[in-house]
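Trainee: Sequence:
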Amino acid sequence: MADPRLYPTHPLQQWIPSLAAASRNATGLNLEAEPPVAAVDLRVTPPADVLGTPLPTEANTWVRTADGQIVWLGPDEWLVTSTAAQGHELEARLGAAVRPRGGAATDVSAQRTGIRVSGRHARDVLATGCSLDLHPLAFPAGSAAQTTLGQAPVLLLALGAGEDFRVFVRPSFAGYLADWLLDAALEFQPAGATS
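Terminal number for the sequence shown in our numbering: 195, no gaps in between.
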């Protein structure tokens, strides 16, 4: 009899070996499918301290929390991520904190998957498909932007000074974006290297 249970799989499961191979072969570039994280869309006005960390109020920024990050998405909207909690747990905790203020918390954990792009050529690879100025003076660590990368809508976070980025992409675009990144990475592989 067939097993009726559903087992979650990473949206980039079939690309993980290719991303790892490209990272081994490329000079100054690492591409990595990140483990899934709990993610909650938080809406509240005025901004509140809901996780022991003030919500960022400056446009296009993010702050680190004990186990994740809070990303500014709009004047009254944030994306809260956690590597320690389940999505429904984070939603319940944040919802309890903001509902008395007329706010809302919605589990959106399945809405995005993360790809880490790092190394000295990370900015070069991203710049081939993103119109933002990603120089550390224009897009320093702590910056965030909803933009397009290789024509796919993404949420882009600067984790380090021009050499470390997190790209959140919808699962339906994840395979396309992984293929796009693998193609862009070819420029930084020695002749004859294969992914």
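Keep in mind that the hints are not guaranteed to be accurate.
Claimed, not checked - Computed beta-carbon distance windows for the label pairs:
hint, residue 1, residue 2, range
1, THR45, HIS88, 30 to 40 Å
2, ALA110, GLY160, 21 to 31 Å
3, ALA2, ALA141, 28 to 38 Å
4, ASP183, THR45, 25 to 35 Å
5, PRO8, ARG101, 26 to 36 Å
6, ASP183, THR57, 36 to 46 Å
7, GLY175, PRO54, 12 to 22 Å
8, THR9, THR83, 10 to 20 Å
9, PRO190, ARG99, 53 to 63 Å
10, GLN151, PRO100, 37 to 47 Å
11, LEU186, HIS135, 37 to 47 Å
12, THR57, PRO190, 42 to 52 Å
13, ARG99, PRO75, 13 to 23 Å
14, GLY74, SER172, 37 to 47 Å
Calculated directly from the structure, the hints in this document are not laboratory data.
Glycine is no exception: its CB is placed at the ideal position from the N, C-alpha and C atoms.
Trainee: Against each hint, give a clear statement of whether it holds in the structure.
Mentor: Now the hints, each set against the structure:
1. THR45 / HIS88: 30 to 40 Å: Between THR45 and HIS88, where Cβ atoms are some 24 Å apart, the hint is violated.
2. ALA110 / GLY160: 21 to 31 Å: holds, 27 Å
3. ALA2 / ALA141: 28 to 38 Å: violated, 48 Å
4. ASP183 / THR45: 25 to 35 Å: violated, 43 Å
5. PRO8 / ARG101: 26 to 36 Å: holds, 33 Å
6. ASP183 / THR57: 36 to 46 Å: holds, 38 Å
7. GLY175 / PRO54: 12 to 22 Å: With Cβ atoms ~37 Å apart, the hint is violated.
8. THR9 / THR83: 10 to 20 Å: At 19 Å between Cβs, range holds.
9. PRO190 / ARG99: 53 to 63 Å: Given a distance of about 56 Å, which is inside 53 to 63 Å, the answer is holds.
10. GLN151 / PRO100: 37 to 47 Å: Holds: the Cβ-Cβ distance is about 42 Å, inside 37 to 47 Å.
11. LEU186 / HIS135: 37 to 47 Å: violated, 23 Å
12. THR57 / PRO190: 42 to 52 Å: Check passed, 46 Å falls within 42 to 52 Å.
13. ARG99 / PRO75: 13 to 23 Å: holds, 19 Å
14. GLY74 / SER172: 37 to 47 Å: Violated, at about 23 Å.
Hint check: violations occur at hints 1, 3, 4, 7, 11 and 14; the rest are consistent with the structure.
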